[in-house]
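**Q** Residues per chain, in single letters:
Number of protein chains: 2
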Amino acid sequence: MAMAKGAGVLPLVRRPMDLLFVVFFVTHIPTSLLVDGQCALPSEYFPQKATELLAFHLETFKDPLMGTCPGWLQLIIWCELLLQVPFFFAATYAFVRGSKWIRIPAIVYGTHTSTTLMPILGAFWLSNGQKEYPGYNLSFEDKAKLTLLYIPYLIMPFLLVVKMVAREDPFKRYRAGGAKKAKKK
Amino acid sequence: MAMAKGAGVLPLVRRPMDLLFVVFFVTHIPTSLLVDGQCALPSEYFPQKATELLAFHLETFKDPLMGTCPGWLQLIIWCELLLQVPFFFAATYAFVRGSKWIRIPAIVYGTHTSTTLMPILGAFWLSNGQKEYPGYNLSFEDKAKLTLLYIPYLIMPFLLVVKMVAREDPFKRYRAGGAKKAKKK
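First to last, the sequence lines map onto chains A and B.
Residue numbers for the first sequence follow the UniProt record's numbering, beginning at 1 and rising by one.
Residue numbers for the second sequence follow the UniProt record's numbering, beginning at 1 and rising by one.
So that you can see chain A by itself, here it is in the shape it has in the complex (with noise of 0.2 Å):
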């Protein structure tokens, strides 16, 4: 069973930055399914923990978005919820076992996150506040500390799609260390 096809790889705890990823791929479910959905779906479709923190983040960002959610943002939730979750899913398994074929699905699914960041930040420093969501009067500090919040969803996949556009087999080096760790057995 060691010998499987995709074993011999270096233990994910031994990969930092794999371990990064994987950490912010398996916490995005449930943020995902549980917070971020309810602008997607009416929210009598979520367990009453989770409208509760959906509360609390909206008292202390004052988040014009998640609060309104505008139309723009319901379709790409509805991204985050059919294409961003399967993708966890499957990018856990592959970065666990080193498995290359996640690199085209993670340069997608990358490019596809750091993009609708893109709108989200526009709404946050470009809009005219007021007029575009009444009631949300943003201070700069109130915008940077939206940003703060939001922009782990740019940084980490955008240097996942850097980490994969770099190799053709992004998790070679750390096969190659594995497989000679199993030889010294």
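Source of the hints: derived by calculation from the structure; they are not laboratory data.
Errors might be hidden in some of the hints.
Which copy is meant is left open, because identical chains are indistinguishable; a pair holds if it fits in one copy or across any two.
[As the list claims (entries may be wrong)] Below, computed lysine to aspartate or glutamate pairings styled on DMTMM-like, alpha-carbon distance capped at 25 Å:
#, residue 1, residue 2
1, Lys131, Glu44
2, Lys145, Asp36
3, Lys131, Glu59
4, Lys143, Glu132
5, Lys62, Glu52
6, Lys131, Asp142
7, Lys62, Glu132
8, Lys163, Glu44
9, Lys145, Glu168
10, Lys49, Glu59
11, Lys145, Glu59
12, Lys131, Asp36
Chain B: place on chain A using the hints.
**A** Relative to the frame of chain A, chain B by itself:
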């Protein structure tokens, strides 16, 4: 010269789908710079013909997005000017020459651009129209017209991703044919 690296590919006119992509890239350059750009930069930067063309578009299609230039759209248009336009030049060159280095950039471009159509179509179909875009009360027919106008910018980039994902060397079959022809001489 005819034997230079990258030569020997079938002429573009004999590759109908590639020709269609190149027509899409080339015609997109003035559209981006002269029309879409008016949502990112002040209108005095643009020739009168271009502002007239946008005015005609707004009158014909009742486009709430180009008509109000919301913050979320502005950053998408900045990406169009700074990322897509350079890609169109590179891609035109690469498609004419049959250069496979365009593969990953084309996947990134295609995914990016398809993604930008999500907020655009979401704004047309899922918005609380009157509230989000005051003055624009779009009928079903208006939304359908706008969708038909914008949908090529989802379909063409998506087809490009499909073409580029499908084969590691997307022009190989045209190069082989070209090579055979060259030998016949």
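**Q** Taking the hints in turn, state whether each one holds.
**A** Evaluated hints:
1. Within a single copy, Lys131 and Glu44 get their C-alpha atoms only as close as 30 Å, which misses the 25 Å cut-off; across copies the closest is 24 Å, which meets it.
2. Within a single copy, Lys145 and Asp36 get their C-alpha atoms as close as 18 Å, which meets the 25 Å cut-off; across copies the closest is 30 Å, which misses it.
3. In the homo-oligomer, the alpha carbons of Lys131 and Glu59 lie at most 25 Å apart both inside one protomer (20 Å) and across protomers (22 Å), since each shortest distance falls under that limit.
4. For the homomeric pair Lys143 and Glu132, the shortest alpha-carbon distances inside one copy (15 Å) and between copies (20 Å) are both at most 25 Å.
5. When the C-alpha separation of Lys62 and Glu52 is checked against a cutoff of 25 Å, the pair qualifies only within one copy, where the shortest distance is 15 Å, while the shortest distance between copies is 39 Å.
6. Proximity of Lys131 and Asp142 under a CA criterion of 25 Å is satisfied in both settings, with 17 Å inside one chain copy and 23 Å between copies.
7. When the C-alpha separation of Lys62 and Glu132 is checked against a cutoff of 25 Å, the pair qualifies both within a copy, at 14 Å, and between copies, at 18 Å.
8. When the C-alpha separation of Lys163 and Glu44 is checked against a cutoff of 25 Å, the pair qualifies neither within a copy, at 40 Å, nor between copies, at 42 Å.
9. Within a single copy, Lys145 and Glu168 get their C-alpha atoms no closer than 37 Å, and across copies no closer than 42 Å, so neither meets the 25 Å cut-off.
10. For the identical chains of this complex, Lys49 and Glu59 are intra-copy neighbours only, at 15 Å inside a copy versus 47 Å across copies, given an alpha-carbon limit of 25 Å.
11. Taking identical chains as interchangeable, the C-alpha atoms of Lys145 and Glu59 lie at most 25 Å apart only when both belong to the same chain, with a minimum of 13 Å there against 39 Å between chains.
12. Taking the closest pair of Cα atoms, Lys131 and Asp36 come within 25 Å of each other both inside a single copy (24 Å) and across two copies (22 Å).
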